[in-house]
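Numbering (the working numbering), first residue to last: 8 to 616.
Mixed in with the good hints, there may be bad ones.
Ranges between beta-carbon positions, derived for each pair [stated by the list, open to error]:
no.	residue 1	residue 2	range
1	356	405	27 to 33 angstroms
2	616	592	27 to 33 angstroms
3	589	535	24 to 30 angstroms
4	462	485	33 to 39 angstroms
5	523	385	33 to 39 angstroms
6	278	332	14 to 20 angstroms
7	587	501	17 to 23 angstroms
Okay, derived cross-link-like pairs now, SDA-like style, lysine to any residue, Cα gap no bigger than 25 angstroms in a straight line [as the list claims (entries may be wrong)]:
no.	residue 1	residue 2
8	472	498
9	375	602
10	204	548
11	607	466
12	564	607
13	375	596
14	556	537
15	556	596
16	375	305
17	384	332
18	204	243
19	384	466
20	204	274
21	602	524
If you're looking for bench data, these hints aren't it; they were derived computationally from the structure. Positions of the beta carbon are idealized from the N, C-alpha and C atoms, including for glycine.
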Amino acid sequence: MASEIEFLGEAPGSHYSGDALLLADEEADDSVSVSGGSSTPTSQLLAGGVGSAGPDTDAVASALQAGDLEADRDDDDDDDDGAANPSSSSQPAATGGTAAATAASPARRPRLASTSLKEALRAEASVSSRSGASAANANAAASSATAGLAPAASSPASNNSASSTASDKPAPQAAHQSDSVVESAEDIPFNWAADEKHIFILSNAGKPIYSRYGSEDRLVTMMGVIQALVSFVQDKNDTLRSIIAGDYRFVFLSKGPIILVAVARTGESEMHLSSQLHIVYNQIISVLTHTQLTSIFEQRRNYDLRRMLAGTEKFFDSLITLVDSDPSFFLTAVRCLPLAPTIRNTIGQTLQQNRPADLLFAMMIAEKQLVTLVRPKKYPLHPSDLLLIFNLVNASTSFSAAESWIPLCLPKFNNRGFLHAHVSYLDADLETDADAPARSGSGRVCLLLITTNKDLFFVLSEFRKQILQSLQATQSMEAIQDALDRENYRIAHVDIAGLRHFIYKSKNTSQFTQPELEAPYTTPEERQRLFRQYQHVHSAIHSTARPLKIYFNNGSKEAMLGWITTNFELYATFGPLVTKSGAIAAVNRLLQWIKHEEDKLFILNAQVF
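Let the sequences and hints guide you as you build the complete structure.
Structure representation (structure tokens):
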């Protein structure tokens with residue numbers, strides 16, 4: 008079938024006169040290591056106000072300016088030779104900070120969900136691991152480990168005849184109950200059917216760290232079962248990857264001292280669930296750094312990591328919600344705000360003019376879309392790191408009220424130290440004087456200035472004022488706001504009969520584009536169903552067992568086509584009556600349209616220095 012698709016002309020996104028904006032897919036496992044860096048945990052600044060502490064980072068700035076960066080191609084769990092002092096990074100740093108860091112209001116610590124879980128993991132089915140022998144052993148361990156966990160309340164009988172315990176599928180109770188009313192976890196029955204997906208994080212010692220739903224304190228028994236299952240397989244020199252129990256798939260990820268588990272009945276593949284767990288793990292690293300995380304558990308194996316992550320739960324909640332609806336995460340790509348190339352170039356040049364010497368990255372984000380990014384010539388920003396930044400901006404509402412100064416670890420850039428980010432919204436004070444404090448409100452255009460210098464807050468604050476004045480003088484801010492006020496382009500603009508929706512990813516730039524969802528995908532249920540369809544096509548194309556170059560399936564509700572080349576990935580949705588030849592002809596026309604509009608849809612020429 009590959010020979011039947013022939014695109015005449017250059018593929019969209021295959022030609023660029025400048026440097027790549029982000030790392031390409033083949034560089035996905037690479038990271039850049041910077042010697043030194045601040046060791047202040049992000050959680051302390053978010054929970055206790057804005058501040059900065061830790062080792063001096065002047066050496067880091069000097070190394071960046073001199074280009075003294077080394078490629079670090081080791082896995083996150085490899086030895087951290089030359090990293091920051093673990094003994095100092097493992098202790099909470101003072102949050103008082105310098106006077107320069109008091110411009111932002113302290114972020115309020117979000118409350119955990121009050122819905123409680125009592126026990127879980129009654130799984131006795133097929134276990135997927137790296138060897139058949141370990142699968143059988145893990146299955147026996149799962150049966151014995153879960154045999155002693157009696158459910159608080161009986162669930163309706165399951166249709167799974169292969170396992171007598173699979174019928175008792177516990178789940179969190181839908182209604183929230185206050186701790187003053189519920190005296191113990193025994194008072195709340197489980198009903199796993201209430202939610203389709205759960206994420207659990209625990210330490211190797213079985214200590215609860217995070218639960219997507221419920222209180223971790225009431226999950227000690229279940230966390231112990233998970234830890235026992237993982238340890239049982241590890242004792243056999245193998246790795247537990249997944250367990251399938253009825254409609255549920257349990258996917259496990261062990262990363263050093265941390266165990267992450269996804270439990271889902273959404274039909275998602277093991278590949279996607281495992282990828283989501285890696286994303287959640289990177290969120291932990293962005294708060295603590297890999298060096299600090301490793302050092303903590305080397306010194307105290309039973310350490311309760313929730314102390315270090317206090318106040319950051321909303322970022323984990325937001326991230327887990329986004330991976331279930333945003334294609335950015337399974338594509339590992341970012342979406343750009345459609346803008347005329349002249350406007351985008353003007354904005355990029357504005358960020359470059361009179362930039363401070365220690366500035367590392369400067370970017371503008373508008374409603375989870377990248378407006379522009381300025382970076383050093385030698386060091387592209389990995390899309391995974393950029394998506395963590397998107398989530399940081401998306402999850403916090405306090406950034407629109409004042410200029411903020413926070414430490415941030417970018418795992419793919421350097422997982423051993425902190426950078427420092429000046430975060431503000433440019434459109435929050437457009438009608439105020441330049442020297443007046445920003446008014447509170449929900450801004451849409453966010454400016455992030457990232458540096459290695461922890462004492463650069465006031466310098467970057469002045470630089471922000473210059474940027475805002477220049478953007479107003481060139482009417483670039485007005486152009487950005489107009490682009491946000493306009494609806495995203497619709498499928499009617501493409502004018503291809505039978506085409507309902509598509510997702511196009513440029514592999515050279517790690518950027519993607521898609522039109523607005525229209526009928527019949529107008530309800531949340533239908534949009535979620537289409538999202539799962541795209542995930543299914545993506546899994547089929549990227550399958551490690553049998554990867555495909557082209558995928559086509561004509562279902563009862565729609566026909567799905569997937570196509571991957573060295574330059575792009577394309578996922579298209581058609582009506583159910585389309586033929587294979589008709590879909591092939593349509594995607595060739597679609598590629599021609601994307602090629603014509605690519606300078607508006609993508610950032611083709613990255614602003615570098």
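Consistency of the hints with the structure:
1. The hinted window of 27 to 33 angstroms between residue 356 and residue 405 holds, with their beta carbons roughly 30 angstroms apart.
2. A beta carbon spacing of about 45 angstroms between residue 616 and residue 592 contradicts the range 27 to 33 angstroms that was offered as a hint.
3. For the pair residue 589 and residue 535, the supplied restraint of 24 to 30 angstroms holds, since their beta-carbon distance comes to about 27 angstroms.
4. Checked against the hint of 33 to 39 angstroms, the pair residue 462 and residue 485 passes, with Cβ atoms roughly 34 angstroms apart.
5. Distance hint for residue 523 and residue 385: a CB-CB separation of about 37 angstroms, consistent with the stated range 33 to 39 angstroms.
6. For residue 278 paired with residue 332, a C-beta distance near 18 angstroms keeps the hint of 14 to 20 angstroms intact.
7. At about 20 angstroms, the beta-carbon gap between residue 587 and residue 501 stays in the expected band of 17 to 23 angstroms.
8. For a cut-off of 25 angstroms, the pair hint linking residue 472 to residue 498 is broken: about 39 angstroms separates their Cα positions.
9. Among the hinted pairs, residue 375 with residue 602 is consistent with the structure: their alpha-carbon atoms are about 23 angstroms apart, no more than 25 angstroms.
10. Using a Cα cut-off of 25 angstroms, the hinted pair residue 204 and residue 548 holds, with the two alpha carbons roughly 24 angstroms apart.
11. For the hint pairing residue 607 with residue 466, the CA-to-CA distance comes to about 33 angstroms; that exceeds 25 angstroms, so the pair is violated.
12. Between residue 564 and residue 607 the CA atoms are separated by roughly 32 angstroms; this puts the pair beyond 25 angstroms, and the hint is violated.
13. Of the pairs offered as hints, the one joining residue 375 and residue 596 is violated, with about 29 angstroms between alpha carbons and a cut-off of 25 angstroms exceeded.
14. Between residue 556 and residue 537 the CA atoms are separated by roughly 21 angstroms; this keeps the pair inside 25 angstroms, and the hint holds.
15. Our distance criterion of 25 angstroms between C-alpha atoms is met by residue 556 and residue 596, whose separation comes to about 19 angstroms.
16. Simply put, residue 375 and residue 305 have alpha-carbon atoms about 37 angstroms apart, too far for the 25 angstroms limit, and the pair is violated.
17. For a cut-off of 25 angstroms, the pair hint linking residue 384 to residue 332 is broken: about 33 angstroms separates their Cα positions.
18. With a C-alpha separation of about 29 angstroms, the suggested pairing of residue 204 with residue 243 is violated against the 25 angstroms cut-off.
19. Distance hint between residue 384 and residue 466 is fulfilled; the C-alpha atoms sit about 23 angstroms from each other, no more than 25 angstroms.
20. A hinted pair counts as satisfied when its Cα atoms are at most 25 angstroms apart, and residue 204 with residue 274 qualifies at roughly 10 angstroms.
21. At most 25 angstroms may separate the alpha-carbon atoms for a hinted pair to count; residue 602 and residue 524 meet this at roughly 21 angstroms.
Hints 2, 8, 11, 12, 13, 16, 17 and 18, counting from the list given before, are not met by this structure.
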